[in-house]
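Residue-level listing of the chains:
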Amino acid sequence: MAEAQSTLVDARRAAEVRERRARWLLLAPALLTIGIFGLFPLTITLIYSFLSPGTYGGVTWEFSTDAYVQFLFERDIFDGTLEFSSTYLQIYGRSIGLAFVATVGALIIGFPTAYFIASKPPEQRNVWLFLITLPFWTNLLIRTYAVLLIIRDEGIINLGLINAGLIDRPISILYTDTAVFIGLIYSYLPFMVLPLYASLEKLDFRLVEAAYDLYATRFQVLRRIIVPAAKPGIVAGSILVFIPGLGAYITPTLLGGGKELMIGNLIALQFGSSRNWPFGSAAALILMAVVMVALLIYVRNASREGGNHG
Amino acid sequence: MADAAAPAAAAPAGRRARLRTDLRHQPGFTPMAWVCIVFLYAPIAVLIAFSFNDNRSVVRWTEFSFRWYVEAFGNEGIRNATVISFQVATVATLFSTIFATMAALATTRTRPYRGQTLAYAIVNQPLMVPEIVTAVATLALFTIIKKATGITGIGYLMLAHTVFCIPFAYMPIRARLEDMNLTLEQAAADLYAPPFQVFRRVTLPLLMPGIFAGVMLAFVVSLDDVIITLLVAGPGETTLPIYILGQIRRGITPEINAVSTLLLGLSLIFVTLFFLIGKQRKT
Amino acid sequence: MQQRTDTPGADRAMVQAERVTKTFGRGADGVTALDDVSVTIRENEFFTLLGPSGCGKTTLLRLIAGFELPSAGRILLDGAEIGHLPPYRRPVNTVFQNYALFPHMTVAQNIAFGLEMQGKPTAEIGGTVARMLDLVKMERLADRRTDQLSGGQQQRVALARALAPHPKVLLLDEPLSALDLKLRKEMQIELKRLQNETGITFVFVTHDQEEALTMSDRIAVMATGEILQVGTPKDIYNHPARRFVADFIGDINILDVDLDKIDEGRGVVRLPGGATASAALPEAEMRPGAVSVAIRPENVLLTGPEDGARTATGEIERVVYFGSAHNVHIRLDDGPPIVARAPHAPGGAGDRAGVILPDEHLQVLVD
Ligand SMILES: Nc1ncnc2c1ncn2[C@@H]1O[C@H](COP(=O)(O)OP(=O)(O)OP(=O)(O)O)[C@@H](O)[C@H]1O
Ligand SMILES: [Mg+2]
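Chains as they are written, first to last, in my numbering: chain A, 1 to 310; chain B, 311 to 593; chain C, 594 to 960.
Bear in mind the hints are in silico, worked out from the structure with no lab data behind them. As the structure is a prediction and not an experimental result, all values here were calculated from the model. A few of these clues could be false.
[As the list claims (entries may be wrong)] Pulled a few chain A residues facing chain C out of the computed Cβ check, cut under 8 Å:
| # | residue |
| --- | --- |
| 1 | T7 |
| 2 | L8 |
| 3 | A11 |
| 4 | R12 |
[Said to hold, decoys possible] The calculated lysine to any residue pairs, modelled on SDA-like cross-linking and capped at a C-alpha distance of 25 Å, are:
| # | chain 1 | residue 1 | chain 2 | residue 2 |
| --- | --- | --- | --- | --- |
| 5 | B | K457 | A | I47 |
| 6 | A | K120 | B | A352 |
| 7 | C | K761 | B | E495 |
| 8 | B | K456 | A | L46 |
| 9 | A | K120 | B | M342 |
| 10 | A | K202 | B | R334 |
| 11 | A | K231 | B | R334 |
| 12 | A | K231 | A | D213 |
| 13 | A | K120 | A | L107 |
| 14 | B | K456 | A | S274 |
Using N, Cα and C, we set each Cβ at its ideal position, and we do this for glycine too.
Please put together the full structure from these sequences, using the hints given.
Right under this line is the structure:
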């Protein structure tokens, strides 16, 4: 009996060891690849942000906090004194502002759309969802270029308006904040619709009926029943639009025309023609920090939602 | 469509009555949904239309023609970029799908274990960091490696693509595995199949649609990448999107419309395949 | 039912569980699915595990199949310890509740799978598959994909697949529960036939008592991780040892009575109406005092209200007709209600009636 128990224990232990070994062997390639070439580089960025820029790009191994100081101050070329400068703060402010406005815009278009899809019969919903998701999987650069094509001065919108006699000279949209705003909504709209749909789809329409039964108007039903039900979707969708919008590179590059910088351009520029890798690294890390804050707000919000309903 | 047979004049009235009684209806929502679809597709439609326009000015429609496609195919820069794009996408897809499949096998259908959440977070890490940050960080690492080893080449670009393709390939494979009926594998073991045979004869064939879907996604994502490629690619490693970006900066030509349409079509084919494969889920 | 008792080797143990315990999870939120269970299943037997949902039937089956390892105890197959072996090294096959047919293989490929894995030569595999298809009458559907089969057909394929490698034991976990009633009756007969033809030991799980009674050579009644009683269907039905078993299987009257003394292996009890009777005792040790006795409605004799010393009298509360007979609900004068089954109703609600509880059908229960 004692012997039997020990073979059993052995068998169980051997099975466990085998399972654990197999598991980590299976995970190793993905984890190592991403760990070494995805995570580890972020550490390098952190280190670089505390070094000095090399003359031809790269860094020289001298400790320096200049990269961070540079955000708020400008060093006088002649006497080396620091003077407050809001150039970079403005770029961050602009980026946050643009991403935020685009998020609101996406919400205004996305919410009715998601609700509309959720109220369709199930077979039709899939077609609509497919249509909404499809553009997301096509090339962002090309989609942005397509937007550029129609909003430029000789684009279809302006030509149409001129031909209709509504305006006699083109409205300049391209290379303005409006263009970036349109481009951002266009790029990330599916990110808003999908989570909104996911939470609206779960809405029990009997609640809506009950509300009507209790003399609510359509607007009251919307405000008191539908929007609260969609709240997790609103939060998730907003985060999903805000975060990539904040780090956008292609949209401001093509539609903002390079004059109107966003964070993405600023970072890329430092690693390109400006040759200030430490400053670029610091800028990237600060972007990450802003993203983390947004994510944290989201996670806290999501867990609070869970708690309330639990 | 029940009222299709009704007199034409009665139809709109009936529709309005139905909307008023349909409790789900909210005024203005339906038009907004259509606005959304038009907004999403109109620019693409214009782009595609003008790629068939027989006119250099790209402003006014003149005549239908394949002229710009012929020119695009004749353009050596485009041909080279296409080859590079496919090389990079193929290698990245191959490795990322294999790695993602392995990782998915290790993170699904087990009792929770220590490190599982961490493993999951690491696999999805490339999705959580803004692409521009990944791009510069990867550039920094590769510069160090290049300086230390002297090795150069397109391998770096392939590696960078592999990294961000992993989470995309992982998604459908993991979903498929989670849908998969665990008792099928138990049935195989019960019928004397040792673990490797269970995998080869049962798990893998049933997982295949998920893996195909993963391949499609990884390929599309690699093919479409701009930012990371832009920073990481060495000289002569111009992929199609990078080529297009360069051309757009130089000025709008109908040739770009043609190439863009082709790339768009390519993505659409892959993604549609992905959805179709995904539809026949159910084991 | 017991025609095999006199065939040689019929009593040889095929599966033995010795003091098997299975706990899922650890510490405070661990669930004990099996608690110190011992049972012996004999060669060639149609053995049924019967019990309510969650009592551990599936768990016991999975321990025998090797999908779970026991927390303690031993499992022997044909005398050899197998509790620690993985499923693919146990000569035991399973018919799963939802059949678990491989959707990417044809019927024939499904049946051949186990044989291939055993490394049988191709020619032999072909022959065995053909025989199995014949056995379950599925020859014409050999090349069908399994998702194009009806429930009954899938069931047959699952059986053929599990029988093809000729296992020592076939485990069946509620294989009939997904079928409609008519098909279910057919498959019950079919299963019995297959067991007779193959001579393989069947371990069958069900929570349907009627199914268990009609099909089994022996039944183990389980509740909350324990085996309460093992016996032939007749034993279980006529002489339930535990109150739970009596309650779980069929309709039964349970009366609270006093056990006066134990006399020649039978218990002398005082029945309602004052008569004493001699009731069968369970195997457990009994002491005089308050006990329960059970008697099936069909064993309760209906008499006139005035008959004899052994008669308990009462008033008919209602009569329920259900096709082949009547259930007569009587409230005895001293209190307890009792149900008698009779072809003809002796009267209507409100009429007086008497009942006799024959000694040979009275069974004392352990709570
Ligand atoms: N893998 C598991 N993890 C945790 N608990 C489990 C597991 N499997 C079974 N249990 C628990 O063990 C107990 C017995 O389960 P089991 O499946 O053996 O019951 P059963 O008799 O087959 O019931 P049913 O008739 O519903 O199939 C139940 O309380 C169940 O919740
Ligand atoms: Mg069960």
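To see whether the hints hold, each was checked on the structure:
1. T7: holds (5 Å)
2. L8: L8/A check passes; min Cβ-Cβ to chain C is 5 Å, inside 8 Å.
3. A11: Where the cut-off is 8 Å and the nearest Cβ of chain C is about 3 Å from A11/A, the hint holds.
4. R12: holds (5 Å)
5. K457/B to I47/A: The hint holds at about 17 Å.
6. K120/A to A352/B: holds (23 Å)
7. K761/C to E495/B: holds (21 Å)
8. K456/B to L46/A: Holds - the C-alpha atoms of L46/A and K456/B are around 20 Å apart, at most 25 Å.
9. K120/A to M342/B: holds (15 Å)
10. K202/A to R334/B: holds (14 Å)
11. K231/A to R334/B: holds (18 Å)
12. K231/A to D213/A: holds (23 Å)
13. K120/A to L107/A: Given pair K120/A, L107/A holds - Cα atoms ~20 Å apart, limit 25 Å.
14. K456/B to S274/A: Measuring from Cα to Cα gives roughly 21 Å; hence the hint holds.
Hint violations for this structure: none, all hints satisfied.
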